[in-house]
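Enquirer: First to last, the sequence lines map onto chains A and B.
Our numbering applies: residue 1067 is where the first sequence begins, and numbers increase by one.
Our numbering applies: residue 9 is where the second sequence begins, and numbers increase by one.
Don't take each hint at face value.
[Said to hold, decoys possible] If we take Cβ atoms under 7 Å as the criterion, some of the chain B residues that face chain A in the derived model are:
| no. | residue |
| --- | --- |
| 1 | 208 |
| 2 | 212 |
| 3 | 213 |
| 4 | 215 |
| 5 | 217 |
[Claimed, not checked] Result set (EDC-like, lysine to aspartate or glutamate): computed pairs, CA atoms no more than 20 Å apart in a straight line:
| no. | chain 1 | residue 1 | chain 2 | residue 2 |
| --- | --- | --- | --- | --- |
| 6 | A | 1167 | B | 230 |
| 7 | B | 225 | A | 1110 |
| 8 | B | 225 | A | 1166 |
| 9 | B | 32 | B | 68 |
| 10 | B | 229 | A | 1111 |
| 11 | B | 229 | A | 1166 |
| 12 | B | 61 | A | 1282 |
| 13 | A | 1260 | A | 1231 |
| 14 | B | 229 | A | 1110 |
| 15 | A | 1134 | B | 230 |
| 16 | B | 225 | B | 238 |
| 17 | A | 1134 | A | 1188 |
| 18 | B | 229 | A | 1114 |
| 19 | B | 225 | A | 1111 |
Read the hints as simulated data drawn from the structure, not as lab findings.
Predicted, not measured: the structure shown is a model, and the values here were computed from it.
Heads up, the beta-carbon is just placed ideally off N, CA and C, and yes, glycines get one too.
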Amino acid sequence: MGIDKTRAKNKEAGKSKPNLSVEIAGLKLRNPVMTASGTFGYGEEYAEFVDLNRLGAVVVKGLSIIPKPGNPAPRIVETPSGMLNAIGLQNIGVHAFIKEKLPFLRHFNTPVIVNFFGDSVDEFVQAAGALSNADGVHGLEMNISCPNKQSGWCIFGTDPKIMSEVVSAVRTRTHLPLIVKLSPNVTDIGAMAKVAEDNGADAVSLINTITGMAIDIRRRRPVLANATGGLSGPAVKPVAVRMVWEARKAVKIPIIGLGGIMCANDALEFLIAGAKAVAVGTANFVNPQATIQIIEGLESFLDEEGISDINDLIGTLIV
Amino acid sequence: MSVRPLSEMSIPEAGQFFMLQTGKTYDPLLKRPFSLFRYQNGILQFLYRIRGKGTVCMAEIQAGDVMQIIGPLGNVYPSPAGDFIAVSGGIGIASLFSLLKKYPNKAYLFYGARNCNELLMLDEAKELAKEVCITTDDGTVCRKGLITGPLKEHIESAVFTKKPLPIYTCGPTPMLKEIARILNGSGLNCFASLEEVMACGVGACLGCVVKTTSGYKRVCKEGPVFNIKDIIWE
Chain A
1067 MGIDKTRAKN
1077 KEAGKSKPNL
1087 SVEIAGLKLR
1097 NPVMTASGTF
1107 GYGEEYAEFV
1117 DLNRLGAVVV
1127 KGLSIIPKPG
1137 NPAPRIVETP
1147 SGMLNAIGLQ
1157 NIGVHAFIKE
1167 KLPFLRHFNT
1177 PVIVNFFGDS
1187 VDEFVQAAGA
1197 LSNADGVHGL
1207 EMNISCPNKQ
1217 SGWCIFGTDP
1227 KIMSEVVSAV
1237 RTRTHLPLIV
1247 KLSPNVTDIG
1257 AMAKVAEDNG
1267 ADAVSLINTI
1277 TGMAIDIRRR
1287 RPVLANATGG
1297 LSGPAVKPVA
1307 VRMVWEARKA
1317 VKIPIIGLGG
1327 IMCANDALEF
1337 LIAGAKAVAV
1347 GTANFVNPQA
1357 TIQIIEGLES
1367 FLDEEGISDI
1377 NDLIGTLIV
Chain B
9 MSVRPLSEMS
19 IPEAGQFFML
29 QTGKTYDPLL
39 KRPFSLFRYQ
49 NGILQFLYRI
59 RGKGTVCMAE
69 IQAGDVMQII
79 GPLGNVYPSP
89 AGDFIAVSGG
99 IGIASLFSLL
109 KKYPNKAYLF
119 YGARNCNELL
129 MLDEAKELAK
139 EVCITTDDGT
149 VCRKGLITGP
159 LKEHIESAVF
169 TKKPLPIYTC
179 GPTPMLKEIA
189 RILNGSGLNC
199 FASLEEVMAC
209 GVGACLGCVV
219 KTTSGYKRVC
229 KEGPVFNIKD
239 IIWE
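Here chain A stands alone, though its shape is the one from the complex:
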């Protein structure tokens, strides 16, 4: 349906509130706005700023079967309109999460998607297994932008062969909706999205951070103790939008778009490019109420445009 026809149809529908709900991999979200893993802690850190019941979904910080201490400091540095982070996947481990953090999240009527990773295929499978049996976990998101110790620490998500191995192994271990979070540090994002789809992913989320570096010119050293880090924030948004558009053309499974979303207009770019939902990351740091403001902004945009259902907007990019 053309833009004008959609507008006309919806104007007739009257002034009722537009529908914001979307469905991703069998998960019904009240709106398409989720939190991005690693930027929202385990939910409780932001509960005093945000009513978690208003979010589309909560995606919690990445977990591994074995807890990780993380990298030495400095771990973050601000860059123009962005930031680099090298937290080093610090986390309390899957089991401590289930015992200590999940009970809090069960109080809310919002799907909880747990991001997880491993140093090996086996660790991925173990984490997926433990999380799949936990009450209150509604979906899993695989972080494949981490190194595989069995392949000389090559990144899972940048090698199609290693990626297909880990995704298919996790697929056989979980009945939960499985989202694969793609690394942008590849030449052809569409091809990587296809690898995820072909190996049983229910959805893909993209982009993870872009590897970057900042140098202290006086000391002639990298600013981050880890030398390199992941770039996020408004600086990466155009790259992320382009990649969502490319992935949209390559796969049929739903896409969760993220990368530098600060406001509703940013989220709309992703939705129009073909993302069925979006995740808000660095913006949470900048403004703890960013998610709520984006949800409200989406609603006003639909009102202004006379669109009664957000699903009528998704993937409507005209090229």
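Position chain B relative to chain A; hints supplied.
Expert: Chain B in isolation, oriented as in the chain A frame:
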């Protein structure tokens, strides 16, 4: 900088900090952490030195501008039972000042700065403290050298050994490291307010950690005030 909160806020305590929006664009992107300097008549005050992109923008904020701030955040200085020592390096006075104000006439203040122009709030601090010892790196006023020199002499003096006092400190990392070295094995309590680059300020990003004897701790959440003996200096 003086800030009047537009929404309800819990009463901030000495040692706590706020995340301040410094600019109105995406560059600088992140809020910056600043210790509470003074809170009176519902007005928050922050003392800052123009050093980087964020503070340059802060200096351009006009009276009447509305900026987002988050706080009060972090833990507080433990209450001193009686007299105490306060060791301030440079802009570290911003954090210690609220402690001096809360406990007037209790502090032996050791205050070091680069030069006489950077001894901010000196007159006010003198009034609030019991005794003051000042050093400047260049010797423009008072004793030349680092503040850790006279601090070490004082701690080793007979008066102090007879009646040891807890120490509260805030300042540059090299100063804190030197204090930790001086106190090593002394059994004295020293509470240091640490400064670290932060993204969120609320415990989510894990960007501001410091290495301690019980693993990495978040400066924004478990800190900013730590017992100096728990810190493992890198």
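Enquirer: For every hint, state whether the structure bears it out.
Expert: Structure-based check of all given hints:
no., hint, verdict
1, 208, "holds (4 Å)"
2, 212, "holds (4 Å)"
3, 213, "holds (6 Å)"
4, 215, "holds (4 Å)"
5, 217, "holds (6 Å)"
6, 1167(A) x 230(B), "holds (18 Å)"
7, 225(B) x 1110(A), "holds (17 Å)"
8, 225(B) x 1166(A), "holds (18 Å)"
9, 32(B) x 68(B), "holds (11 Å)"
10, 229(B) x 1111(A), "holds (10 Å)"
11, 229(B) x 1166(A), "holds (18 Å)"
12, 61(B) x 1282(A), "holds (15 Å)"
13, 1260(A) x 1231(A), "holds (14 Å)"
14, 229(B) x 1110(A), "holds (13 Å)"
15, 1134(A) x 230(B), "holds (18 Å)"
16, 225(B) x 238(B), "holds (10 Å)"
17, 1134(A) x 1188(A), "holds (17 Å)"
18, 229(B) x 1114(A), "holds (14 Å)"
19, 225(B) x 1111(A), "holds (15 Å)"
The structure is consistent with each of the numbered hints, conforming to all of them.
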